[in-house]
Structures are given as C-alpha cells and as structure tokens.
Amino acid sequence: MMEESRPLLSRVADAVYWMARYIERAENVARYIGVNLNLQLDLPGDPAQQWQSLIDTSGDGEEFLKHHSVATQHDVIDFLTFNTENPNSIFSCLRAARENARSVRETISSEMWEQVNEMYLHMASQHLAPGAEWLPEFFRLLRLSSHLFQGITDATMTHNEAWHFARLGRKLERADKTSRILDVKYFMLLPSLSDVGTPYDDIHWSAVLKSVSGLEMYRKKYGRIEPRHIVEFLVRDRDFPRSIHYCILRADASLRAITGTIPGTYNYASERLMGRLRADLDFTPVDQILNSGLHSYLDGLQVKVNEIDNALLADFVEWRAPESAAGIHTQSQSQTFAESGDR
Amino acid sequence: MQFANYQTEGFHDEMFDATGAPRDEARLLVDTIASLDEGQFLRCQRSAERVLLQLGITFNVYGDSAGAERIFPFDLIPRIVTAREWAWVERGLKQRIRVLNTFIDDIYHDQKILKDKIIPEEVIKSAIFYRPQCIGINPPRGVWCHITGTDLVRHGDGQIYVLEDNLRVPSGVSYVLENRDLMKRTFPQVFEGLRVRPVDDYPGRLLEMLQTIAPHGAVENPTVVLLTPGIYNSAYFEHSFLAQKMGVQLVEGSDLIVQDRKVWMRTTKGLRKVDVIYRRIDDDFLDPQAFRPDSLLGVPGIMDAWRAGNVALANAPGNGVADDKVVYAYVPDMIRYYEGEDPILPNVPTYLCWRDADRQYVLANLDKLVVKAANEAGGYGMLIGPHSTIAQREEFAAKITAHPRNYIAQPTLALSRVPTLVDDHFEGRHVDLRPYILYGNEIEVLPGGLTRVALRKGSLVVNSSQGGGSKDTWVLAGSPDDGSPQ
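Respectively, the protein sequence lines represent chains R and P. According to my numbering, the residues represented by the first sequence are 1 to 343, in order. According to my numbering, the residues represented by the second sequence are 1 to 486, in order.
Chain R extracted, bound-state conformation (with noise of 0.2 Å):
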C-alpha cells in the first residue's frame, strides 16, 4: 500500500490515466505515419494498401470509409492527425488529454500541465496539413514532445498514487498499440510470403520494428530480420520498452504499488485480470503462440487489456458507495468493493 499523506480522489486517479493515454495515443499516431511516408519512398506499386493499413491499425476503419472511397496519403493524414471529428486523431487525443490535465493541474506537477497545454496549443494552432516536405518533421516534433511529456513527468511528479494512475495508462495503451501494430502488419503480410528472401519482406518488416522505435534494438538482440523473432521481441521481451510483455510487467507493478496487495494474491478484479495476463505472456512460448495463430493471440490480448481498463475503472473509479460511511472510512474496506464492478 503506497503511504500517502492524503488519499487520491476517485475522478483524479481516472483524468491523470486518461491524460496519459491519449498522450501515448497521439505519439503512436504520429510515429505510423511517420513510418509509413519513409516506407512509401522504398515500395513500388500502390500506396493506398499501405495507408489502408494504417487506418486498420487506428481500428477507426469503418469511420474512415463513411467519409472517403480511398485511403489516400492525404485522406488518412488528415483524419488521423486534424481531423476534429475523430475521436482519435492526434488532434483530438491532445484536446483530451489537455481537458484531462486541466482537471487536475493541483496533482500534476506545474510543468507537466504546461507540456500538455503547449502540445495542444501548437496543435491547435496548425489549422492545415503542412506541406509535404514538412511532414516528416511535423511527426518528429510531435514524438519528441510526447516523450518530453513523459520526462517531465517521470522527472518532476512525486512517484505517488497518481503517477501510478499514470503509468498504468501510458503502458496499457502502448500495449495494445503495438498488438494493433503487429497484427496489422503481419495480416498485411502473410499473403506475400513468397517475398520471403526479397528486399521488399526486409524492408515491411523493418518497417514494423522502427513504427515502435525497435528495429536498432531489434537488430542488436537477433541480427536477421525474421517473423518470427519479431514477434519474440514485440510480444514477449522482457526489456524493450514498447514490447507487451515490458508493458504489462510495469503496469502490474504499478497496479500493485497502488493496492499494496502482495505478489501471488489479489484483492482486486483489476488485480486479478492483470496478473492473469502477466502470467500468459511470461509463460506461453512464442512457437505456441504462431501455431494457434497470431491474430487471434492479439485479438484475445487486445480483449484482455480492455477488460483491466473496465475493471480499473469499477475497481477505483466509479465503486458504488456503501449506504451508510460509518467505520468503512479505513484501510481495511477495500475488501468491501473489491469485486463489487466486475464485469
């Protein structure tokens, strides 16, 4: 149990999450697209089917198509970067996020609030698309602020209860990123196998490595570019930080630093789940997980991380509040609610 000399509301412990994750949001927009402009100079034939993809891996495809036939560069540039309407794009992540700050600007530190506001002003300031020249840049800027973002709060913000809220954000939302980002590509992929030995194979799956900053390290642990240690290394190292396994080990060890409950039991559903997943992607071998497919591995992964984020919210966000306060105002009534949201 974290020794805190005052206790974290409720509201204030789900905006801190939140402005995290829509940060983490906005910076993995910015580095596909980033990605895929380079990808695009290398590849011949159609580009739309690589800017198809990337709307794929947002998930917001269906939304995209209501407005446009054809995944342009443009198109999809503008929907997953200025488009105000969508609800993911980098633009609207950085208005949440922001919206969220200020709602806790006293918990936060003063810093952290002034990143978000000036990655939000400056947004919000950038009415068109640059020019072309200009986007690789635009995008660069944007990651560099994110990761300035986490800095500062790394850096300024007491490792409290609240930077714990923070950190279970920002991890669970990269680890779903980067299962998107695998299965997207990977899907994208399969069909082309008798590219296998091709530059084109090298230069896709290069691809995938640098959309989540991994093909240096990548290159370090495994040399070859090959499927199956990417998956290795996207899924199940230990040490990389935008791998799910890192994720999920951190956001357990937050969770955990949060409830004080001790390793090897649980008092909460939240609890409960996260270890499960831990569990998995400590102990299932990566010749396991292709066999029985990978899509529906990260399909089930991607369900699992959105069951803890349902869980973290009944668990310590919006608990029902027991009829009377008397005696319950202590430690031990965790217990009380513990389960009570599960759903």
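Think of the hints as simulated: they come from the structure by calculation, not from any bench. Note that the Cβ used here is the ideal one computed from N, Cα and C, for glycine as well. Hints should not be assumed to be uniformly reliable.
To be verified - One side of the interface only, derived from the structure: several residues of chain R facing chain P at Cβ under 8 Å: (1) 9; (2) 96; (3) 103.
Model the placement of chain P on the given structure of chain R, informed by the hints.
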C-alpha cells in the same frame, strides 16, 4: 519609453499629479521606464502575454462555446499605493468586515438591527441572497465572511470609496499573485530601489485560516478541500491555482457525498472524511436539498452536515444578504449601530429606488447616474447614464418603475486612472482596486489586491467579461506614520 506626451486630462491619475509631474512614490518607476527604449518595453509586454497563454492563465467567457479561453489582459505599468494610504485602507476594511460579519450573524439570530429599525425589515426579507435556511446556525467562531474581495474606487476628489463588498465567492486573487510573478519574470528592473510588499504568502495564510475554522473535534491536521463547479467555470483557473498552492484537494460536487451528517470524498481507497470546504460554488447550487433542486454541481445534504457542525464552509452560506446593493447603502449606519464609530472608508452615495423621493430623483437624472440592479455582479444589469442612449434610459426607467426594490443609483464617478500601454504609447485608463481580506482568528488584509483596468478608451467598466484587464498593485513598505513613500 517616454511619458512626454502623456495627459491626465483632468482625471485623478495614480502616477502623475494635476501638473503632470510624477507623484513622489512613482518618480523612480517613471524614471526607470523612461530609460528603456520603446522596443524593449514593448517586448516585455508581448512576452508577458505569451507567458499567460503558455501557463494557461485564462478565464472562460460565459456564452462562448464550451472551453473557449481567453487570457485576462495584463498591463505592465503597476498601480502604486503608498504605505500611509494603505494603512488607512487596511483599518477601514477591517472595520467594515468586522461589522458586516456582526450584521450577518445578527440577521440569522436575534435581528436586533431590524427590531431597532436601523434597517427596514422588508429590505432584508426581499434580498434575494437572504437565506432563511441559515437562521439559528452557528458557524465555527461565528465567522460568516472568511474571504472577502471589497471593490474600492478613487473618485475625482481624490477620496477612496467602497463600491461593493463582494462577500459571497469573490474571485481574482490568483491574478494578484500571477501578476506579481509575471512582473518579476518579465520586468525585474522596475523593482529596483522600491520596497514593494510581497503577496506570495496569501495561499499559506488562506490555508491557515481554513484550518482554524475546522469543526471542534476534527483531527489535528484537518482535511481541507476546495470545491469547484468544474473546468467550464469562468474562474476554474483560480480554483486549481489556489488548491495547488495550498496543497489541498480540488474537488467537484460529484467527488463528495454526505453520510451520517458528515461530508466524505470518494477516493481510490474508499471514503475519506472532509473537515473544511472552501467552496467556490454559489449558495444556489451548493445543495439541491436545501436550495435549487435542479443543481447538479452541488452536494445533497451538505447544508445539513454544516448545520450539525460536522463540516466548516467558507464562505458561510447566506452571507450574501450583505451583498445586496440596497443593504450596502446601510453599511455606514451598521457601523455606527454596532460599533458606535464613524465609517473609516466612505460609501458611494446611493439612491434607493424603492424610496419615492429617491426614485423620482433617479428617473429625472438617468443621464447623469449609474443605475445598478441590486443583485447582479460582473458589470451586468447596469446603466452608465452619461454613456447611455435614450433607448437604454427608457428601458431602465421602465424596469425601475416596475421593480423599484431591484435598483439603486449612484453618481457617475470619475474613476482615477493609471497610464496604460495602448499600441505603442501610454494613455490614461480608469481603474478600481479589489483588496482581499481573510477572517479566521482575526482579520488580515493582503497588502495589494487586484487592480482592474478598463482597457477601452473612456470606459468605466473594468470587469474581465467586459473588456477589462489588470495590473500589478504595489503597496509600498514603510512606516505608516511618516507618510513617506518608501
């Protein structure tokens, strides 16, 4: 940057005397500014505005789309108050707050002042901020007005008057602290050689005051929270600013629940008891069980917890009865009645439209007077006679005739002015001054306050919602008796 072409135009100027010479206390500042070249000064001004936006020091404007924010314009030329004048203002404010507090307590208990016919009973009973729900309640230490932001103005006669008392939920103190900070960041050279009294200790004093009013039997280190209506409130920045500076939780109504006549907050670890609430929500919205049943911002049952003495509320509900502009007219009589003293700070002469003679005078002189709704704030519901059109005067004449109790009138004051940057030169603009007063164990006045400035040429309306800006306010340190500026 020169003041060579600066004109006082017959107004009382806070920086220059009638001959156009700098006042003693302003001479050093005038010299410093004069020694800067134009570009340097303008750069300081621009950089101050940029910092405000960067820090998110903004307010929301009602009626704008949700979330639209503006900075509260800031002007670099400060307003200077001498030590001697401040000592007098401080004495006057303490006297006034003490008496207003006594008055509110009296209204909700024995009503002696009504029985002795100093104030007509119907004035109180018809005041819209009078709260019968508060009758018989004894807030901790008998304090009802913990935080006050009194509006002061200086007229052409050089005299400072009280314009409004603002006892309910006065805002603006965050700008006092931020303006000073901004001055130090962007314009440090002007502080040289002057001893300006610091304002930074306000959050600490506020917290101390809030802790002293904790209910009896509260723990040694009582839990203080600041209750905000939320991020769309126009003063949200200030709420989060004060909570952050005090290191207390900023809560919304939905974070609190009342059980067993006690107030609790919802945390990740269950419910925690709350001892003191600095509430920045109006009485009307505070408790749907006691006041407006449709309020979603408040906390059902909080009035009951307060009545039971299990939680302290600052400011105390019901204290707005003294904010009514008709009641305001009686404050000098209150001071004489309760304290047997003459008021130190005078009221602006006020005509009460429900008195027949006053109303006839007001209706005959609408083009000269300022007419105000008795219960509005923020510069709304106001007619400034000399600046009004015939149609506006006719509209107000009809309103006054229909609801005389709701209107008062005052002579149009020639508010004093301070040089203000307009494009690339200085022009005089009208100002007021809002000092902040805390009342816990004793009454304390923050040395300084918010100087609001009407940025539009000739305008007398200083409210942020109506084209107002603000300036730093420098109260100079020094012996109150020697009259010297330093």
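Results of checking the hints against the structure:
{"no.": "1", "hint": "9", "result": "5 Å, holds"}
{"no.": "2", "hint": "96", "result": "11 Å, violated"}
{"no.": "3", "hint": "103", "result": "5 Å, holds"}
Checked against the numbered hints given earlier, this structure breaks only hint 2.
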